[in-house]
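Please construct the entire structure, taking both the sequences and the accompanying hints into account.
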Amino acid sequence: MFGMRGRIFGAKKIHEIEEKVEHVHEDIEHVLMSHPGNEEVSSHLKEIDKHLHELIADSKSLESGVPLGLLAAGDEGVVLGYCGGRGVARRLLELGFTPSSKIKVIAGFPGLLVDVKGSRIALGRGIAMKILVDLDGR
Amino acid sequence: MRKIVIRVALIGNPNVGKTEIFNNLTGSRQHVGNWPGVTVEQKTGKCTHNETEMEVVDLPGTYSLEAHAIDEQIARDYIIDEKPDVVVDIVDASNIERNLYLTLLLLELEVNIVVALNKMDIAASKKYEFDIKELSLLLGVPVIPTVAKTQSGMGELRDAILDAAVRKDKHRKVTIGYGDALEARIKEVRDLILTDTYLANTYPPRWLAIKLLEKDDSVMNQIKSSPKRDQILEVAGW
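If you read the protein sequences in the order shown, they are chains A and B.
At position 123 of the first sequence (counting the first as 1) the number is 123 in our numbering, and the numbers step up by one without a gap.
In our numbering, each number is its position in the second sequence, counted from 1, plus 138.
Quick list of in silico lysine to aspartate or glutamate cross-link-like pairs, EDC-like style, CA-CA up to 20 Å:
#1 B:Lys353 with A:Glu94
#2 A:Lys117 with B:Glu267
#3 A:Lys104 with B:Glu235
#4 B:Lys264 with A:Asp115
#5 A:Lys117 with B:Asp259
#6 A:Lys102 with B:Glu235
#7 A:Lys117 with B:Glu235
#8 A:Lys50 with A:Glu18
#9 A:Lys46 with A:Glu19
Derived from the structure by calculation, the hints contain no laboratory data.
Written as C-alpha cells, this is what we have:
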C-alpha cells in the first residue's frame, strides 16, 4: 500500500535504496553458500530476501507518481495513492479520489479544481500535494 | 380521517438536483443554482399526497456523513438525531459510482430510504442502462427513476415515500459485510453496545460499532454519556 509510507520517494532515493537492497541480497547469498544444510535458517533468509525485493518493487511503482499539487490546468492522470494519515486518506476517498480513478485538472491556480468521477472538486494545494498521480496512466 | 404528518428528508451529493425535487414535491420556488453548495441552511416545505401530509426537509449536499464541514454536519445531525420517517436519497444516475457511496452510508445507518435515481435523461444521453429492479433488490430499498427538471417520476416518488412511511419492516435485510476478521471485531463492539439499552435503542448498534472501529471522532457525541463509555472505547481500541 502506498498510503502507508508517509513520504514521497524521489527517483534518486529509490535508486540508493535499490543498491542497498542489492548489498543485503548478496550478503544473504553469501551466508547461504557458506552455511549449507541448515534448512530452517536458509528458508528464513530466503523469505527476508523476498520481502526486500517486494519492498523495492513497491517503491519503484511510486517513481512515476507526481503530487497532484504540482500539476497544471489541462493535466490528466490516474490516482496512485496518498501520503499522509488516515484522516487525509478517508476524506480523499469520500471525495472520490479512489486509487486508479482518472482525474483531470480544470484550474491550477490559486487552488486546484479537479474533475474526478464527474464532479469538480476544489482542493487546497496542501492536500493536493498528498495525492500521487500517474501521468502516464492515460 | 387520521391526521398523520410524515417527515421526509432529502439528501444527496452536491448538484444532483435535490432542491429541484424539493420544489417539485412541495410546489415551492426555492432558488436552484447550477453550482454545488447552494443549500447550506435547512429548508422545509409541506405537501399533501393521498390525503397524507408530508413535511419535507431539503438537506445540504454532502458526499459523506462524516462531520468535516458545517453543511455535512447539518445533514448528518438531522438524519441521526431527528430520525425522519423517510429519507429520500437522490442519486445522480449519470454519475452513479460516486453517488452510491452515500447510499451505502445511509444503509448502514439503517434509515428508511427511498432512492430517487435522478437525471435519468442525462444518463440516457450517456448511453447508461439501468436494471432498476435488480438495483432495488441489491440495495434492499425502493428505487424510483426521475427527471426532476421535467417533473417526470414525481408521482411514483410520492407513492414510494408514502409506502415507505407505512412499511412495517423498517429494518432492512441487506447488510454490508466486511469479511470474517472485521466482522468478529464489529460483533465484539456491538455486543458491548447492546448492554447499554438506551444507546442500543437510540442508534443502530452495528453502525455505532463500525464508526467506533473507524475511529470516527464525531460518534463521541453519541456515546459520551453512556455508562459503558470507557469499556466500549477500550474494546474498540481507542
